[in-house]
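K.L.:
These are the residues of each chain, in order.
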Amino acid sequence: MDLRPKRYALAVELTPYCNQKCAYCYNAWRDDPPGAQGLAGGELLRLLDKALTEVSFEHVTLTGGEPFARPELFDVLAVVRRHGLRALIISNGGLVTPELASRLVAYDPYFVQVTLNGPDAALHEAHVGAGHDHFEKTLRGIRCLREHGVRVSGCVVVTRKNAHALGDTLALFQSLGVADIALSRFSPAGYASEHTAALLPSRGDLVRALTLAEPYGQRGMRLQVTMPVPPCMVDTALFPSLRFSSCPIGTAQQEFALGPKGELRHCTLHTEALGSVAQESAAVLVESPRVAAYRDVTPAFCAPCAHRESCLGGCGAAAAAVSGDPRGLDPVVAQHVDDTLRQRLLAARGGTEVFVPVGRLRASRTPPEALP
Amino acid sequence: MNDDDEDRAAILARRRAFIASALAGVVLSGEACRGLSQPCLSVVPMEPRDAGASPTPCLSQMPMDPEDASVAQAADATPEPDAGVVTPPPAPPVPCLSIAAPPRPPRPRGPPMACLSVTPRPNPHPTPCLTYRPKGGEGGDPDTGEG
Chain X
1 MDLRPKRYAL AVELTPYCNQ KCAYCYNAWR DDPPGAQGLA GGELLRLLDK
51 ALTEVSFEHV TLTGGEPFAR PELFDVLAVV RRHGLRALII SNGGLVTPEL
101 ASRLVAYDPY FVQVTLNGPD AALHEAHVGA GHDHFEKTLR GIRCLREHGV
151 RVSGCVVVTR KNAHALGDTL ALFQSLGVAD IALSRFSPAG YASEHTAALL
201 PSRGDLVRAL TLAEPYGQRG MRLQVTMPVP PCMVDTALFP SLRFSSCPIG
251 TAQQEFALGP KGELRHCTLH TEALGSVAQE SAAVLVESPR VAAYRDVTPA
301 FCAPCAHRES CLGGCGAAAA AVSGDPRGLD PVVAQHVDDT LRQRLLAARG
351 GTEVFVPVGR LRASRTPPEA LP
Chain G
1001 MNDDDEDRAA ILARRRAFIA SALAGVVLSG EACRGLSQPC LSVVPMEPRD
1051 AGASPTPCLS QMPMDPEDAS VAQAADATPE PDAGVVTPPP APPVPCLSIA
1101 APPRPPRPRG PPMACLSVTP RPNPHPTPCL TYRPKGGEGG DPDTGEG
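These protein sequences, in sequence, are chains X and G. Residues 1 to 372 in this note's numbering are what the first sequence spells out, letter by letter. Residues 1001 to 1147 in this note's numbering are what the second sequence spells out, letter by letter.
In isolation and in its complexed conformation, chain G is listed as follows (with noise of 0.2 Å):
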């Protein structure tokens, strides 16, 4: 089996694993279930979208077309997957060209404010000035790796 083949059987192998997952309607997720207090399915969290959209159908697809077909023949060849494939936890949305920006502190509260109007805010925003808050991750300098 050379490189190009071996890619192959590892990507339907994997691919079949997490059709079984859906299939049992259950994702298996080693990492995902350890210490986060979220169903293991949720999808990304998505705004506004979620709080308005009506339900779709789960498996509805795109219909096949004959560029398709390989694709179909392929993964219809491929052997039962390794036993071992563990369904990884979805991976974040984030933006593709450039790692995550620090997020922004929260703003404190102000006094009331008329809603439809955009409020001018302190020139230059008041930020922590030492802290680099990489997504997910805990505070340090980028370049030094230090707090």
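Bound-form chain X, shown alone (with noise of 0.2 Å):
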């Protein structure tokens, strides 16, 4: 009898490093001085072996920064089939090369999701950053990937900028001969919450896109809305080949993240530590009462909503990054119905304002929170 707490999934972020500069890279420690490196390799496979051992999670998710972009790559892999799992990876595809498709057929990942923001290289370096043919390096590293017999699944990173594109960009996807695809509405957490204005796509940005999507669904792509839309927003039943999603925190299909620091966190936008991996049982801290509490609060706007307990009002990590109240209300919808950020978006959209995210301010004025 296995007597570990079971959960969902380990999002494992290999690296600081990436090789793109995504204005949408929810990763609060972006901006981290060169010297952050993460883990060191030792380090970092003990950790993840100590939590394999002590939580039976279904699953690896790697993720970064750029996870090709750490030289453990396949070190790492090799630990998480001991433990008789198998690893998803989340990555841009500009560094695979033949070579890493090759070695990484052997290890049976679930798949490697790659992300294209927009059908041609000037709307998808629009987000990833220009200049340095990254779209190519994209299109290169997929096709490679299919090549040697690694599966692939797509994600579109959903904005202001690119919700227009969509359809484009499946049609992208499905000559790539990707069929599962990541619907990532853009959620202003961490980084990304610097890019509030330019990025957050309004109600009818979404609807737009999702209207663009619906066809390419009901012609057997599996398209997924992966970030919390919440239910005031959308009405999901107008979309049905689209499967919609809630946030998973405090519930079983919770995926924890493990960073750079081996501090371990309610999910990878999440910049609050439940504690230290290295320091406390994994199994603890994924049992904490911090873990099973996140639920019991929501924002004053959803108190009374029927959909409260399962829409949590949206993506917390977002609210938090944005308004500095970890338990606000989503931006995505905040932006509607408060009329304070409302202007805040319009007046930096007009070029009058920086919009700056209150709690990534503060945030960055306080020392990290002290791991245990």
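Just to be clear, a hint being listed does not mean it is correct.
Claimed, not checked - Covered stretches of chain G (in silico footprint by chain X; criterion: 3 or more residues with CB under 8 Å from a CB of chain X, positions within the stretch not fixed):
1. 1002-1008
2. 1016-1024
3. 1090-1100
It is worth saying that the hints were derived from the structure and are not from the lab. All C-beta atoms in this analysis are idealised placements derived from N, C-alpha and C, irrespective of residue type, glycine included.
Fit chain to chain and form the complex, with the hints in mind.
P.N.:
See the structure below:
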């Protein structure tokens, strides 16, 4: 009998380094000094092994930064395999080489999820940084993985810049032979909160994007809206071919994050550390009262709503970064119903004001939370 | 009415409908109730908290702070909801960043083992080679869509 707590997934942030500079990057530590290199190889493997020994996860998600930039990637995959698990890898695909793809086959990952944010270089690189040929490198990476028999899924971060082009982006994925797509509506958590004004899609943008996606779903593409879209924003019944989801924190579907300092967090978007895996049992951390209590508090706006308990008011990590209230209303909704936020965004878009994410600013002025 | 006003009105109208559902104690869910043998009001399953959590007041909420005033004002100023708004079923909780990995197959029942030790598993763990079962979906290859 396996008495360990069972949880859905552990997302391991392998390295803070990334070859792209995505404006939508949710990593709070994105702008940390270059010296911040994440866990040393041996320590990373030890903590991963410890976490997988103490908690029964269903799978491991490898993310970053860019996972293919981590020299110990295959050692990490070996640890995952030793625990009888498989990994899925979130990547921009730009560092994939035939050698890496070939080695990856033996570890049988569920898939490598690669993001494209537009059907052409201009729109994609408007999100991930221009001048480095990222679009072509990502296309090459997808083709290379598929040629070696590695499964590829796709991702589009839906923003106010690219929502209108979602149909063409899905057509590009289709032409690449990629049929499972995460529609990750932009969530201004962590570093991304600095780009709220430029990227946060309105309800209208989202409805437009979902309307463009629906026919692809009807033709067999498997489309999953992976970031929560509160039901007050969109009538999901209008999009029967798309799968919608809600925040999994505090449920059996939670995907905990193991960060670059060995800290365990609610998820990759949240900055708050539950504790250090080096110093505490991962089993104790995943069962901590702070995890269980997460679903007890919802924004005042949502308190009387029938969907309060499943929706939670959207993404709490985004609320924390933008408003400074970790259990505030997701900015994707608040932009329409909170007059203060609405005015600040309008001013930033009009060029009369810089949008300052209050929570992120506060966090940057506060010493990092000491790990126990 | 510009786009922004339309978005605001649509959100507040849907919210009003959901509040009305909550107050009526019934969630009318055309989609949710079809073919599912579970109450429409059930929330997302939570483990292991549900087992031992003590009851909490259903409407407990965070105190409203001054910043929320505009929210309340906006909500109160909303016209009555469109009678056609149907409360959708709650979306299942899913990690935000990736599509769901296929569920692991159930492990075969093995011989009795010590409860407190971690049993080494076969390496690699046996899994079906050709089926890809996206959560809630049927088997198939993720790239080709073929089963």
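K.L.:
Now, for every hint given, state plainly whether the structure supports it.
P.N.:
Going down the list of hints, with the structure as the test:
no.	hint	result
1	1002-1008	holds (count 5)
2	1016-1024	holds (count 5)
3	1090-1100	holds (count 11)
Going through the hint list in order, the structure satisfies each hint without exception.
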